[in-house]
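Fit chain B to the supplied structure of chain A, relying on the hints for placement.
So the chains spell out like this:
Number of protein chains: 2
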Amino acid sequence: MAFGIGSGLMRLGMVSTSDHSSVVSMNLFVALLCACIVIGHLLEENRWMNESITALAIGLCTGIVILLTTGGKSSHILVFSEDLFFIYLLPPIIFNAGFQVKKKKFFRNFMTIMLFGAVGTLISFGIISVGAIQLFKNFDIGSLEIGDFLAIGAIFSATDSVCTLQVLNQDETPLLYSLVFGEGVVNDATSVVLFNAIQNFDLSHINTTVALEFIGNFFYLFITSTMLGVLAGLLSAYIIKKLYFGRHSTDREVALMMLMAYLSYMLAELFYLSGILTVFFCGIVMSHYTWHNVTESSRVTTKHAFATLSFVAEIFIFLYVGMDALDIEKWRFVSNSPGKSVGVSSILLALVLVGRAAFVFPLSFISNLAKKSPNDKIGFKQQITIWWAGLMRGAVSMALAYNQFTMAGHTQLRGNAIMITSTITVVLFSTVVFGLMTKPLVRFLLPPSKNFSSMVSSEPSSPKSITIPLLGNGQDSEADLGGHDIPRPTSLRMLLATPSHTVHHYWRKFDDSFMRPMFGGRGFVPFVPGSPIEQSVHQWQ
Amino acid sequence: MAFGIGSGLMRLGMVSTSDHSSVVSMNLFVALLCACIVIGHLLEENRWMNESITALAIGLCTGIVILLTTGGKSSHILVFSEDLFFIYLLPPIIFNAGFQVKKKKFFRNFMTIMLFGAVGTLISFGIISVGAIQLFKNFDIGSLEIGDFLAIGAIFSATDSVCTLQVLNQDETPLLYSLVFGEGVVNDATSVVLFNAIQNFDLSHINTTVALEFIGNFFYLFITSTMLGVLAGLLSAYIIKKLYFGRHSTDREVALMMLMAYLSYMLAELFYLSGILTVFFCGIVMSHYTWHNVTESSRVTTKHAFATLSFVAEIFIFLYVGMDALDIEKWRFVSNSPGKSVGVSSILLALVLVGRAAFVFPLSFISNLAKKSPNDKIGFKQQITIWWAGLMRGAVSMALAYNQFTMAGHTQLRGNAIMITSTITVVLFSTVVFGLMTKPLVRFLLPPSKNFSSMVSSEPSSPKSITIPLLGNGQDSEADLGGHDIPRPTSLRMLLATPSHTVHHYWRKFDDSFMRPMFGGRGFVPFVPGSPIEQSVHQWQ
Chain A
1 MAFGIGSGLM RLGMVSTSDH SSVVSMNLFV ALLCACIVIG HLLEENRWMN ESITALAIGL
61 CTGIVILLTT GGKSSHILVF SEDLFFIYLL PPIIFNAGFQ VKKKKFFRNF MTIMLFGAVG
121 TLISFGIISV GAIQLFKNFD IGSLEIGDFL AIGAIFSATD SVCTLQVLNQ DETPLLYSLV
181 FGEGVVNDAT SVVLFNAIQN FDLSHINTTV ALEFIGNFFY LFITSTMLGV LAGLLSAYII
241 KKLYFGRHST DREVALMMLM AYLSYMLAEL FYLSGILTVF FCGIVMSHYT WHNVTESSRV
301 TTKHAFATLS FVAEIFIFLY VGMDALDIEK WRFVSNSPGK SVGVSSILLA LVLVGRAAFV
361 FPLSFISNLA KKSPNDKIGF KQQITIWWAG LMRGAVSMAL AYNQFTMAGH TQLRGNAIMI
421 TSTITVVLFS TVVFGLMTKP LVRFLLPPSK NFSSMVSSEP SSPKSITIPL LGNGQDSEAD
481 LGGHDIPRPT SLRMLLATPS HTVHHYWRKF DDSFMRPMFG GRGFVPFVPG SPIEQSVHQW
541 Q
Chain B
1 MAFGIGSGLM RLGMVSTSDH SSVVSMNLFV ALLCACIVIG HLLEENRWMN ESITALAIGL
61 CTGIVILLTT GGKSSHILVF SEDLFFIYLL PPIIFNAGFQ VKKKKFFRNF MTIMLFGAVG
121 TLISFGIISV GAIQLFKNFD IGSLEIGDFL AIGAIFSATD SVCTLQVLNQ DETPLLYSLV
181 FGEGVVNDAT SVVLFNAIQN FDLSHINTTV ALEFIGNFFY LFITSTMLGV LAGLLSAYII
241 KKLYFGRHST DREVALMMLM AYLSYMLAEL FYLSGILTVF FCGIVMSHYT WHNVTESSRV
301 TTKHAFATLS FVAEIFIFLY VGMDALDIEK WRFVSNSPGK SVGVSSILLA LVLVGRAAFV
361 FPLSFISNLA KKSPNDKIGF KQQITIWWAG LMRGAVSMAL AYNQFTMAGH TQLRGNAIMI
421 TSTITVVLFS TVVFGLMTKP LVRFLLPPSK NFSSMVSSEP SSPKSITIPL LGNGQDSEAD
481 LGGHDIPRPT SLRMLLATPS HTVHHYWRKF DDSFMRPMFG GRGFVPFVPG SPIEQSVHQW
541 Q
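Line by line, the protein sequences are chains A and B. Heads up: the first sequence at position 190 corresponds to 190 in the UniProt record's numbering, and the numbers run straight through without jumps. Heads up: the second sequence at position 460 corresponds to 460 in the UniProt record's numbering, and the numbers run straight through without jumps.
Hints may be right or wrong, so weigh each one.
Only pairs whose alpha carbons sit at most 25 Å apart, straight line, appear in this in silico DMTMM-like list of lysine to aspartate or glutamate [what the hints assert, rightly or not]: (1) B:K242 with A:E44; (2) A:K242 with B:E44; (3) A:K242 with B:E45; (4) B:K242 with A:E45; (5) B:K104 with B:D376.
What the hints contain is simulated information worked out from the structure, not anything from laboratory work.
Chain A with its partners taken away, still in its complex shape:
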């Protein structure tokens, strides 16, 4: 074992006097992050902009300035590394997603979300792969193998929902928000799992055995990763409940929650599972149990600290992508044939549009068949919004493309260079053009407090970027009532009619009678409800 990380961490040595230029880069980067936050705040009221586009624009501008000052040699101050991305930037984003998600909405729409996230991504993957194989025949873009085409399918199936979530409002359009959000997370996981499966399998000879093995592997990863995340979350809840850290130190509780969450991610990587899924479910379990076992200060701290880490990581990624886009080395290969590059990018964009349309509308139809209440059905305007919301391609696509088509950040082969530049083009174009149009489109299709006023939940309205996923008092107690007081039909009929509701009902019973007494959770720890902070959190943030 032993020396891997050591040498890795060592090489981080930036402040040693020998390496003064990297101190300059680091200063510039931190200063740019600050600038993104300030400018993003100033532009918040703007009709078109959002934080992602701001960071991307600042990154691009910085890239241009560096390109000019260094005389065209280099445009970025950081080489994009998928390891940095997957180890340090993605975990806090996904963990926070799980931690802040409105669990009830998420699980009520669980089937639809899984349908969109898993099945939809597979459909999109299939269409983009087949489309790329068919359409790229006519282009002379170097030697791409079957594995490369499948990888292209996985790369361009990975949506980037960060941008959209900044536009959608969890209170105004809760159904839409939970669908897009949940789909985004499951999609992230699915495409990464797909991508890993593609890289690990010998795909030159596809037959039934390989296909079955592939599917089995996929489900194995999905289930074990989820289980690991749930176990890690439960373990943290149990430890904190048993030791009752609140007796002494908020710091210890917060530290333990952070470390356990990170440990779950690293453990998943250790066992070659999907860290993304693991850490997402760890976040959900932690918000359901662990978060209720800690002191009030810890609750406020964890809620905002995780959100802040996720926020900074997102800005970091977009800044990074913006800066990296102008890297001269990659563009050198394609500068001879600009038409070809534009062609490839356009085809990929078209495939993305078609691939997404091909599953959003059919799957929405299927999903609507299972729903009885008209409020739960997905209207056509909402379907268009969902379709549009998933068109952006972001950092996950970039990271996967770098993983597939570069060696240590550098491109040697022509075909690989074209794929990298095309990915950059698709990411930039989709984020900027589709991103800019999202806010107006959502306003046009779904004017606030008209279509969806019936769906606004009863809880106090909260400002946009901070959600109160866990304090929602009105939310779960309603479900409690529903479970105990109102007479219900027999379980079998219920299960056939509204399967997810029944599952939820049994889950509540199991949770209340076994899980909560064991692992804590709201109402099962010595805690004064309605304590000053709980109110003030509503009031202040």
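Here is chain B on its own, set in the frame of chain A:
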């Protein structure tokens, strides 16, 4: 510019499938951090133990286990890197120190703290250097130059106050706490500044010009670093006040505070200043101005998030030192002559003891001369406590020793290997033996609520590890009253009699009439005093 960090960060690539062993290491390390927190909590009531010793012990045990399982090849899973230490671990610790320090106590004892921290460290440095030159003549320990001996002086003048501060209680012994704490911070900065000065100067020909240049350089570093920190803090306060981020997002405020603090540290490194001093004063200014300009949630979050980061970094360091201590490579050189190694270590320990005694008692005497109130004087028992509290040598010493005596974590020369192993021995011995004896010694010399009950301030008592440095309502208002109501002698007489009080008086006037209206701060932002969270923070943490 450009590629330095990139390649550095890139090399962090631990999760790439090629480098699975580093994932194992990382898992082990994170799991050990969790174990340290849990075990440290369980042992908290213990008479002897504290968190540092626990982490050190766990690190040592893990080292032994790894040594056995790898068949004596390797004992650590991370190579100690002073860059990792100085860039990622030290900044949060020092920033948090500045952020949580009781500013009034600190500035009231400012002269004494500077006397101990700066002058005292210089005296200790001189004694250890000269002592080492004289005593190591008799040993055949390879080729050490004059620069090496001066470096030894700087290395062993760097105290480690983390351990002591876990034992001293800010409420029971406020004077002692602020002295030891303040001295620790100034000492850290002084020894690092000294060390850098030694490395940068050609010390083979010492004459008056070089000495004067050295001293000038020292003061230049001290003053510019402090100014940079103050400026960064004020800038953050101004930005947040002007933009009034609270209107929208706690996340943005917290992110901006973190990034600005880190930026101040990196800027200091950029200009070859002392990042430690900069980030310490940035922390003080941020807690005085910026912290009052943000939302209630941000206040709770920043307070605990910074404390948690600092806490984890401390445990990380001790775990690291414990694991690294058994590294077989360094001990190979000294295994031929164990007696020599023991001799060198004993001499260094003795020099540490003498060097500290040589300034604590005389400087306390000088400091007492300037004080009128017997409460402000430093009694003999307190002097012994201060002396003892600064005997521990920790991560700063290790980091400096590695910097001076190794190339990229490896030792080639025999003299260097002996110095490294001696440093490890001194650090382990002083932390464990002196550390174990600190708690009983403090209890014996200063039984709680007897000697110091008169010094306990009027503010509500707070639990040990979390201090409320900024909410202290009773504290500053008392000074306000003193400044306006009670008739005072003329300023000149005041200045002669109690200089620091007068400085404080003028500072308050300047602060109230100019600084606070400009940069915010308590009472100068739209904020309801006595709001729910403010009470609950007292109540809950």
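Okay, the hints, checked on the actual structure:
For the suggested pair K242 (chain B) and E44 (chain A), the alpha carbons sit about 16 Å apart, so the restraint of at most 25 Å is met. Taking the CA atoms of K242 (chain A) and E44 (chain B), the gap is near 16 Å; set against the 25 Å cutoff, the hint holds. Distance hint between K242 (chain A) and E45 (chain B) is fulfilled; the C-alpha atoms sit about 17 Å from each other, no more than 25 Å. Simply put, K242 (chain B) and E45 (chain A) have alpha-carbon atoms about 17 Å apart, close enough for the 25 Å limit, and the pair holds.
Only pairs whose Cα atoms come within 25 Å are accepted, and K104 (chain B) paired with D376 (chain B) is accepted, the gap being roughly 14 Å.
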